[in-house]
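Which chain is which? The protein sequence lines are W and G, in order. Each residue of the first sequence is one higher than the one before, starting from 1 at the first, in the numbering used here. Each residue of the second sequence is one higher than the one before, starting from 1 at the first, in the numbering used here.
Simulated from the structure, these hints should not be mistaken for lab results. Certain hints may be false.
With a Cα cut of at most 35 Å, we get these calculated DSBU-like pairs of lysine-lysine [said to hold, decoys possible]:
| hint | chain 1 | residue 1 | chain 2 | residue 2 |
| --- | --- | --- | --- | --- |
| 1 | W | 344 | G | 266 |
| 2 | W | 253 | G | 22 |
| 3 | W | 354 | W | 376 |
| 4 | G | 316 | W | 344 |
| 5 | W | 253 | W | 414 |
Protein chains: 2
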Amino acid sequence: MDIASTNFENVGPFTRVWEWLKALPVNLWAVAVEFANKMKKLGQDDPRRIVHSLKVGVAITLVSLFYYVRPLFDRFGENGIWAVLTVVLVFEFSVGATLGKGLNRMLATLSGGALAVGVDQVATLFDGTGQPIVLGILVFIIAATVTFMRFFPELKARYDYGLMIFILTFCLVSVSSYQDDEVLDMACQRLYTIIIGCFIAIIVCICVCPVWIGENLQNQIANNLEKLGNFLEGFGREYFRLSEEGHSTDDDKSFLHGYKSVLTSKDKEETMANLARWEFWHYRFGFRHPWNRYLKVGTLTRQCAYKIEDLNSYIKYFEIQATPTEFRREIQEQCIKICSESGKALKELASAIKKLRRSTSVINFHIENSKIAAEKLKSMLNMTSLWENANLREIIPTAAVGLILIDIVPCTEKIVETFQELASCARFERMDDRVSPSNDV
Amino acid sequence: MDIASTNFENVGPFTRVWEWLKALPVNLWAVAVEFANKMKKLGQDDPRRIVHSLKVGVAITLVSLFYYVRPLFDRFGENGIWAVLTVVLVFEFSVGATLGKGLNRMLATLSGGALAVGVDQVATLFDGTGQPIVLGILVFIIAATVTFMRFFPELKARYDYGLMIFILTFCLVSVSSYQDDEVLDMACQRLYTIIIGCFIAIIVCICVCPVWIGENLQNQIANNLEKLGNFLEGFGREYFRLSEEGHSTDDDKSFLHGYKSVLTSKDKEETMANLARWEFWHYRFGFRHPWNRYLKVGTLTRQCAYKIEDLNSYIKYFEIQATPTEFRREIQEQCIKICSESGKALKELASAIKKLRRSTSVINFHIENSKIAAEKLKSMLNMTSLWENANLREIIPTAAVGLILIDIVPCTEKIVETFQELASCARFERMDDRVSPSNDV
Numbered sequence: 001m002d003i004a005s006t007n008f009e010n011v012g013p014f015t016r017v018w019e020w021l022k023a024l025p026v027n028l029w030a031v032a033v034e035f036a037n038k039m040k041k042l043g044q045d046d047p048r049r050i051v052h053s054l055k056v057g058v059a060i061t062l063v064s065l066f067y068y069v070r071p072l073f074d075r076f077g078e079n080g081i082w083a084v085l086t087v088v089l090v091f092e093f094s095v096g097a098t099l100g101k102g103l104n105r106m107l108a109t110l111s112g113g114a115l116a117v118g119v120d121q122v123a124t125l126f127d128g129t130g131q132p133i134v135l136g137i138l139v140f141i142i143a144a145t146v147t148f149m150r151f152f153p154e155l156k157a158r159y160d161y162g163l164m165i166f167i168l169t170f171c172l173v174s175v176s177s178y179q180d181d182e183v184l185d186m187a188c189q190r191l192y193t194i195i196i197g198c199f200i201a202i203i204v205c206i207c208v209c210p211v212w213i214g215e216n217l218q219n220q221i222a223n224n225l226e227k228l229g230n231f232l233e234g235f236g237r238e239y240f241r242l243s244e245e246g247h248s249t250d251d252d253k254s255f256l257h258g259y260k261s262v263l264t265s266k267d268k269e270e271t272m273a274n275l276a277r278w279e280f281w282h283y284r285f286g287f288r289h290p291w292n293r294y295l296k297v298g299t300l301t302r303q304c305a306y307k308i309e310d311l312n313s314y315i316k317y318f319e320i321q322a323t324p325t326e327f328r329r330e331i332q333e334q335c336i337k338i339c340s341e342s343g344k345a346l347k348e349l350a351s352a353i354k355k356l357r358r359s360t361s362v363i364n365f366h367i368e369n370s371k372i373a374a375e376k377l378k379s380m381l382n383m384t385s386l387w388e389n390a391n392l393r394e395i396i397p398t399a400a401v402g403l404i405l406i407d408i409v410p411c412t413e414k415i416v417e418t419f420q421e422l423a424s425c426a427r428f429e430r431m432d433d434r435v436s437p438s439n440d441v
Numbered sequence: 001m002d003i004a005s006t007n008f009e010n011v012g013p014f015t016r017v018w019e020w021l022k023a024l025p026v027n028l029w030a031v032a033v034e035f036a037n038k039m040k041k042l043g044q045d046d047p048r049r050i051v052h053s054l055k056v057g058v059a060i061t062l063v064s065l066f067y068y069v070r071p072l073f074d075r076f077g078e079n080g081i082w083a084v085l086t087v088v089l090v091f092e093f094s095v096g097a098t099l100g101k102g103l104n105r106m107l108a109t110l111s112g113g114a115l116a117v118g119v120d121q122v123a124t125l126f127d128g129t130g131q132p133i134v135l136g137i138l139v140f141i142i143a144a145t146v147t148f149m150r151f152f153p154e155l156k157a158r159y160d161y162g163l164m165i166f167i168l169t170f171c172l173v174s175v176s177s178y179q180d181d182e183v184l185d186m187a188c189q190r191l192y193t194i195i196i197g198c199f200i201a202i203i204v205c206i207c208v209c210p211v212w213i214g215e216n217l218q219n220q221i222a223n224n225l226e227k228l229g230n231f232l233e234g235f236g237r238e239y240f241r242l243s244e245e246g247h248s249t250d251d252d253k254s255f256l257h258g259y260k261s262v263l264t265s266k267d268k269e270e271t272m273a274n275l276a277r278w279e280f281w282h283y284r285f286g287f288r289h290p291w292n293r294y295l296k297v298g299t300l301t302r303q304c305a306y307k308i309e310d311l312n313s314y315i316k317y318f319e320i321q322a323t324p325t326e327f328r329r330e331i332q333e334q335c336i337k338i339c340s341e342s343g344k345a346l347k348e349l350a351s352a353i354k355k356l357r358r359s360t361s362v363i364n365f366h367i368e369n370s371k372i373a374a375e376k377l378k379s380m381l382n383m384t385s386l387w388e389n390a391n392l393r394e395i396i397p398t399a400a401v402g403l404i405l406i407d408i409v410p411c412t413e414k415i416v417e418t419f420q421e422l423a424s425c426a427r428f429e430r431m432d433d434r435v436s437p438s439n440d441v
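Looking at chain W on its own, in the form it has when it is part of the complex:
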């Protein structure tokens, strides 16, 4: 394409158009092939996407029976359209999002419709010209007030859709009440069809391969911890132990970048937690699962990730110095220990979160080990004998890495503490008791 475009510069506009037209079928084919490949990849990356698309198709086909089946059409008539509309608007990828939107929509339609019928009763007290003026003023006041309420952070997080539907229903019903005398009847018909639409969407979403956003949040938090654990283990292995024996040949340094996504995971986790609150009756989590504590673990994970970003910035000094200094040899044992023990603790924690278990003794064992190593490292850094023959220019980066590693230990400990709180609030299974022989009877 580059060669073609440079050739274009020397020719007239007609030749250009002709060239473009000649190339069109080939280009279109290339675009189509690329599109198909992308679609295939999207499906392979997460097959639940294909299932979701089929589920939406099924739900819409189901709800269109309102039009195809004579008795249903005779009962609801044109109002059946609200059921179709509801399914399209309410059906989301996860159960939490679908439930949230469905419940919001049903409640908002009910309350908005009821208020509109009330307003209609007030407006009928006025005669001809007065009626639209009163209706207009009331619509203006209520629309403006509820729109302003959408700015409340607490309402925005969970009820934004409901507030919008409230305005919508209120305006539709009260505005059309001016031309339609059977406003109560119409509002009821719409409410029924919207409720049916919501139920169809919710039932299809839950019954056919459901995607629980609570599980996704849990996996996300666990995966983030695992990424940090991988980094720490890899960092210790690559930049302390192996730098002594020469760098590893296979160059598998994917762990160096894995943690980057943790740095910016805040908004995603908050959205997920908000949606997970709608999944009341999930068999694993149940009602009042402490989603906020997951966010707390997430926040601490990010704080640890910032320290790791920091460690990462010292790698360049390690890569320049091919042969480790005397000083590094002295402190490397404790550094490796902190890396591997903290890394293991984080990875154990990740697997405990995934399995909803409190395997505290293993985690605490690793944490205690890392604390001992940190204490040793601290006192080593205070020893003057260690520095005497050292090349100070090479010491600083290594010592700075040591300081960061010492900082990472309490950071990991805090994550574990928050996990303990989460585990006791959420009544995770006690793994440690189960494995002891006395309980195995």
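Given chain W, put chain G in place with the hints provided.
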């Protein structure tokens, strides 16, 4: 409340209910007062919210004329409801969001309706029972395919709403075509009212105190740079200079926390840039404004913020050591210089972005100064004489801070380079030329 609830534990359920009922009016009043206070605070924090709510009210009142004005109702009838619905759904806080939703909705309604009319023609080729089956299959296929397309990241970013409306319109028109013979007429009527609704929303949004999301993005990027600049200046002032003269008494350390919001600004900035692309005709930005480059500046700003988070973690060492060491006294001049020059460069940059100006010479002056200081600091850290009498345990944190400061300089430089690219792409005004006397004639 705490006292009351502990008293409850010793009394029967009836007494509890009675106590609760007695307290109800007081509690309700307290809730109402709190709600009103919160509303007031929301309005004071950003008065544009109040204006937005009034704008929504005006747009809805305008569009309800479809029902109140007889000739309009005679022309569009019940289809006028789609105009009301469109205004409620399309009207957003910023011009970009409203335009994006409006254009998406109009295009999607047009294309979805056209496809549905085509499908209807195909279905009429079949007789009685065949028709709903053919319609059902086609609706299933198209709904599932388009739902899957919503997973494409490129489409999701800008056309997600359009794809949903496409499914919606297609399903509504093709499903109702089975019971309604004048499907083409109905589709056209709806299209007209939706277009009118979109235009009312867009015009009110643009003409009455518009909120341009492009300006918001620009301010957000500039404010983030300013926060980092404030931190650097404050850090240099508090922890190098003043630690010599004792800590400052006024304790204004707000700069220590201001930068925290920068760490997690990624998603917000990306959403803003996606919406800003819809604001084609903004008087300051115009068509094809390079929004992507703002995101690039944002990414580099975040990278700088991670380093600052890192600096922040060393503050504890500085606070423990009330009297600075000999070593710190030696390097502090260059450290302060890096802090203040980088900080000034970032703040100049922020004001240049806000004013859409390329005031490069001032920024470059500060950058050059900070580079010189960084070079000096580097060679100081290499000097062995500096270390001879030092207490090494106290040296490490100070030296680590020095290393981070040296790292911040190229980071700032990169931000400035990206800004230069942005400024030349976006054709910012050349500030430097304007102040030179030769051009002032």
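Hint by hint, here is what the structure shows:
For a cut-off of 35 Å, the pair hint linking residue 344 of chain W to residue 266 of chain G stands: about 30 Å separates their Cα positions. This hinted pair does not check out: residue 253 of chain W and residue 22 of chain G have alpha carbons roughly 67 Å apart, beyond 35 Å. For the given pair, residue 354 of chain W sits about 33 Å from residue 376 of chain W by alpha-carbon distance, which is consistent with the 35 Å threshold. Between the alpha carbons of residue 316 of chain G and residue 344 of chain W the distance comes to roughly 28 Å, so the proposed pair stays at or under 35 Å and holds.
As the CA atoms of residue 253 of chain W and residue 414 of chain W are separated by approximately 28 Å, the hinted pair is consistent with the 35 Å bound.
Of the numbered hints given earlier, the model fails hint 2 alone.
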